[in-house]
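Residue numbers (my numbering), protein chains in the order written: chain Y, 1 to 480; chain B, 1 to 480; chain P, 1 to 94; chain U, 1 to 94.
No wet-lab data here; the hints were simulated from the structure. One or more of the hints may lead you astray.
The list that follows gives simulated cross-link-like pairs (lysine to any residue, SDA-like), each with its CA atoms no further than 25 Å apart [what the hints assert, rightly or not]:
1) B/K381 - U/F83
2) U/K23 - B/E386
3) U/K23 - Y/V269
4) B/K381 - B/T391
5) P/K23 - Y/R431
6) U/K23 - B/D30
7) U/K23 - P/V65
8) Y/K476 - Y/N426
9) P/K23 - B/E387
10) U/K23 - P/F83
11) P/K23 - Y/K454
12) P/K23 - Y/L279
13) Y/K381 - P/P25
14) U/K23 - Y/T32
15) Y/K454 - Y/E374
16) U/K23 - B/Q469
17) U/K23 - Y/E387
18) U/K23 - Y/L279
19) U/K23 - B/V269
20) B/K381 - B/A420
21) P/K23 - P/F10
22) U/K23 - B/T318
Part of the chain P face toward chain Y, derived, beta carbon under 7 Å [claimed, not checked]:
23) T2
24) V4
25) A36
26) A59
27) N73
Stretch-level coverage of chain U by chain B, calculated; a stretch enters the list once three of its residues show a Cβ under 8 Å from a Cβ in chain B [claimed, not checked]:
28) 21 to 29
29) 42 to 52
30) 60 to 73
Ideal placement from N, C-alpha and C gives every residue a C-beta, glycine not left out.
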Amino acid sequence: MAGVLGGLPEAVLQFTYLVAAVLFIQGLRDMTHPRTATRGNATSAGGMFLAVLVTVLWFEILSPVVLAAGLLVGGAVGVWLAVSVETTEMPQLVGLFNGFGGGASALVAGAELIDVLGTGTQLSVGLTTTAAIAGIIGSVTFWGSLVAAGKLHGVVGDSPVSPNAGHALKGLFLLLAVLAGLFLIVRPDIFGQPPVTPWLPSYWVLVAAASVLGVFLVVPIGGADMPVVIALLNSYSGLAAATTGFVLDNTVLIIAGTLVGASGLILTVIMCDSMNRSLRNVLFGGLGGETESEDMDEIYEGQITETSPEEVVMLMETTQRVVIVPGYGMAVAQAQHAVAELVGLLDENGVDVEFGIHPVAGRMPGHMNALLAEADVPYEKMRELEEVNPTFSQTDLVIVTGANDVVNPKANTDDSSPIAGMPVLNVSEARSVVVNKRSLSPGFSGIPNPLFAKDNASMLFGDAKESMQALVNHYKEETS
Amino acid sequence: MAGVLGGLPEAVLQFTYLVAAVLFIQGLRDMTHPRTATRGNATSAGGMFLAVLVTVLWFEILSPVVLAAGLLVGGAVGVWLAVSVETTEMPQLVGLFNGFGGGASALVAGAELIDVLGTGTQLSVGLTTTAAIAGIIGSVTFWGSLVAAGKLHGVVGDSPVSPNAGHALKGLFLLLAVLAGLFLIVRPDIFGQPPVTPWLPSYWVLVAAASVLGVFLVVPIGGADMPVVIALLNSYSGLAAATTGFVLDNTVLIIAGTLVGASGLILTVIMCDSMNRSLRNVLFGGLGGETESEDMDEIYEGQITETSPEEVVMLMETTQRVVIVPGYGMAVAQAQHAVAELVGLLDENGVDVEFGIHPVAGRMPGHMNALLAEADVPYEKMRELEEVNPTFSQTDLVIVTGANDVVNPKANTDDSSPIAGMPVLNVSEARSVVVNKRSLSPGFSGIPNPLFAKDNASMLFGDAKESMQALVNHYKEETS
Amino acid sequence: MTFVENLTLFVLAAFVGYEVITKIPTNLHTPLMSGANAISGITLLGSVVVAGSGSTTLATVLGFVAVVMATINVVGGYLVSHFMLAQFSRGGRD
Amino acid sequence: MTFVENLTLFVLAAFVGYEVITKIPTNLHTPLMSGANAISGITLLGSVVVAGSGSTTLATVLGFVAVVMATINVVGGYLVSHFMLAQFSRGGRD
Ligand SMILES: NC(=O)c1ccc[n+]([C@@H]2O[C@H](COP(=O)([O-])OP(=O)(O)OC[C@H]3O[C@@H](n4cnc5c(N)ncnc54)[C@H](OP(=O)(O)O)[C@@H]3O)[C@@H](O)[C@H]2O)c1
Ligand SMILES: NC(=O)c1ccc[n+]([C@@H]2O[C@H](COP(=O)([O-])OP(=O)(O)OC[C@H]3O[C@@H](n4cnc5c(N)ncnc54)[C@H](OP(=O)(O)O)[C@@H]3O)[C@@H](O)[C@H]2O)c1
């Protein structure tokens, strides 16, 4: 194999890959602070560009048109998706991208097998083993991510099969995929005539079985657990890349793949921890969003105080300190700009105003921070759970907008609830709490929220964006 | 080459080395907390044991008696030195050990060259180059560390040559060592008859020149800068080990050596930073301990209040909060046990008592913490500079014992002083300050300390151990 | 490289990844997720080789699809993180 | 392994070292210094091979001295840190 740079010693390629690996690491290190994070992302992208460039120039390209067309089409689609998608739809977009990466790994492994066969060489055990691993992980990642993205986007529903039947099906297709993998390794000719047809049937059986497995794995999981699933699948796709690196003796694949594997795994664990659930429970515990037919009416009956934007503005005028707690509803309603405007007004009028941001508010880690940053809220106004919780007792007014589970006191009191033990924002310690959501319906975990019935709490029903805008308008009128 | 395990595949040796490398890393990671640090040290030692064991069992040992004798003698001397040395002498002991490691590297490189020559093989460029690097770094480390340890121990004096002559000599011997190295690489036969005698003269010329260089490098540096020198030499010896790893294709040498290189370099930088000096200035700036013939008398004349243990105890009886600032003198006097007893008594009587520990108090980073831990002072009583500085204004009494530079207000006020810009403990903000030392003579940086002349400061002259013991005795009498 | 040598790289990279990622604050986790996701598109290197040098039509077609998918992952992933982070550096002036 | 592969190990180990060492608090720097110092005695591996297999008397003698020196470094270094750290875990009960 010899491309444009093919005359140079192999060490040049290796060294360029090392530089790319260093750029990936440095990029991630820059991600530890918002000030340097943009540069970090660019550094990492530079590493990728370098690695791809040297690869294109190094190896013999028999069909440059095909390659260029692939790069152009992929790049155009990537840019278009990234540019046209709303911030609220980021989670599913990331899931989709991740699926494509996994799918590419599975296809590359297949193409590589076919290529090697085409040259008349025997398939080595090392090659078939890693191809099988990459094929299974890649296919599961592709279909799993597609289902996860679909669920987040609301286009894929819940599993029609019972949990037990589901477990049996998962076992069956896993077995099928593993068997096909073993055949690929031991007798690649099993489904074809010797010499093996270039179609290499056992590999595609493996891919098919793993694809079905991927669907069955993710369909039964509740929509709100999808970020965990996506982080885990991201970790898998990193490990698939690292596995490929082992076969190709490619250092940058090993290092980059392992970094992604670590990142995905750590994010998964952090998310599970802040929801106080085990990974096992997330993956196999059935629907996270399942609604208990609990006696909501009994809890809320006659206990709910409704309020209006006018009343809330009157409250705001006498306060010294306001904390705003945003949740998933703010993302759905795209209310972040209205919220930011309200905060700006309060700030101008000398009110001490901050955000209390729960680690799992929204549907992705850091979801609220990303939205509020989009609306130009200064970094130092966003306070984490541990920082803000001790301040509620000195707070006059808490405005909860589109959040539910993250302010549910049941987590502290009721051991049997699905969120038991999850640390929550203890907003009811403040003098008064206004909760803005569209109805009394529960949040992601499907349980009622006794906060709404508290004496110092009142409900501001309505869409988050509209309600926040109403507050802004009334407040402007009152203060001007 | 085939030893006891020689029949096994090479991968077993490689894998064991990888396990050892992981143990080194894990050991260092456990060093991030005092609770796990003991375990971390043991983990690291376990990695070393494993690596040595597998090496002994793997390679063919022609002279097992020599090897066993070497290990026994070295082990016995190591244990004896570690057990018999006082805590105050730790810095020089660490320096000595480090020198031995460097010396071993230089000898190994030499022996390896001789061995290869003995088998009649040509010396490859890779081998001679790395041998030359290991020889230079190893010899500099050995002699440099020996001089550093000798200075700390007070058995080596200051340089008899002028700084300029010194710089010229350093340049000369560096040149000589590099030339000898080049000869070794290009014409290993230059000083001997072809075929080269097994004595390989150019290598030993290199070692000799580098040895003299090591001495000349360290002799002109002030005694109190020795910890920086030792940390830097430790970094060098790690890099020498990593270099050797490149030649031998030995992963554990590369990884472990690099870890040490990073550790030594980071410690060096931290020490220079907290002294507010550049590494260049430390290494080539001449004597750190040089005494300015400044007008000390003028500063102190008639401004010094002397106090007695009795008076200090009377002060202590009316205080609510006491901060103790230890320094190098506490280490010299071995006063930590008396100090700890005093703190215990104050604590029992309900006084809020803490230590204020400057990052470069003493002669090694963390020196004070190690001494106080030896005397069973609880970890949470030791406060760092940034924590304790804001509290001095609410402190009734500060007892400075054996510290000088770290409480010198000149660092804040006088731009021309050698410690200008170094953050210091602002003890004079407290209601009263008692400074315990033997005389008015300056500390390491050789400059007078205006603190002693402050109105709220008084001097308790005497050896730290005796003075602290006197305080303990009087306080016991008074309070019982 | 031998298997153990590759394994050594894997282990060291895992330590680096663990140490670095655990230092990243929660509020940057969403851009991290999409940035890491873009890095996992490194499999594009394999796709490029296969698509460019595929000796059979089938392999070339598979390679083409793989290049398209991996490039979407890489380009889209980096762009999405970039947009998110650009907002952070606008908003976060500390 | 090729030079670049060794270099890759070196670079990764340097990142690991940097990330881990900068996390170690000041009060543990003295035991760290002596512990790191003990690790640098890894050169003992080379000494062992040379001392045990030295074909000439000269190499054997040099190897013997190298083993003695490296072993002092290793054993003494770990013991000294151990003593210091044992004091910490007695004193520091947090
Ligand atoms: N962040 C993560 O990484 C992550 C990952 C996985 C799971 N989760 C889970 O997601 C949940 C997050 O808690 P959360 O408090 O942010 O959200 P939540 O508990 O899901 O509640 C969101 C609330 O927003 C309201 N809402 C929806 N659309 C709205 C609109 N247009 N305007 C106003 N309100 C609207 C809904 O009530 P109405 O229908 O009455 O309006 C709902 O009760 C937690 O249970 C967490 O465990 C988070
Ligand atoms: N920690 C590190 O890593 C490190 C490394 C390199 C350099 N340094 C330097 O070392 C200095 C450390 O500051 P420091 O305040 O701890 O020490 P210092 O400035 O060196 O002062 C120590 C004082 O202790 C007194 N002393 C000596 N023996 C005594 C005894 N037996 N009893 C009572 N007092 C005794 C001495 O005064 P008398 O003679 O009057 O008693 C001396 O003034 C700094 O300048 C720092 O830059 C530190």
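Would the stated hint for P/N73 survive a check requiring a Cβ distance to chain Y of less than 7 Å?
-> holds, 4 Å
Does U/F83 lie within 25 Å of B/K381 when you go C-alpha to C-alpha?
-> holds, 21 Å
Starting from P/K23, check that the Cα of Y/K454 is at most 25 Å away, please.
-> violated, 38 Å
Should the hint that P/T2 touches chain Y count as held when the rule is a Cβ pair under 7 Å?
-> Violated - the Cβ of P/T2 stays beyond 7 Å from chain Y, reaching only about 9 Å at its closest.
25 Å limit on alpha-carbon distance, applied to hinted pair Y/K476 and Y/N426 = violated, 29 Å
Taken at face value, is the distance from the CA of Y/V269 to the CA of U/K23 at most 25 Å?
-> With Cα atoms ~22 Å apart, U/K23 and Y/V269 stay inside 25 Å; holds.
Annotated coverage of the stretch 42 to 52 of chain U by chain B, confirmed only when three residues or more have a Cβ within 8 Å | holds (count 11)
Verify the proposed pairing of B/K381 with B/T391, using a straight-line Cα cut of 25 Å.
-> With a Cα-Cα distance of about 14 Å, the restraint between B/K381 and B/T391 holds, given a limit of 25 Å.
Is the Cα-Cα distance between U/K23 and Y/E387 25 Å or less?
-> holds, 23 Å
Given pair status - B/A420, B/K381, alpha carbons within 25 Å | Answer violated: B/K381 to B/A420 is near 29 Å, above 25 Å.
Given the hint that P/K23 pairs with P/F10, does the C-alpha gap stay at or below 25 Å?
-> holds, 20 Å
Satisfaction of hint between Y/E374 and Y/K454, Cα-Cα up to 25 Å = Violated, because 33 Å separates the two Cα atoms, which is more than 25 Å.
Going down the numbered hints, you'll see the structure goes against 5, 7, 8, 10, 11, 15, 16, 18, 20, 22, 23 and 24, while the others check out.
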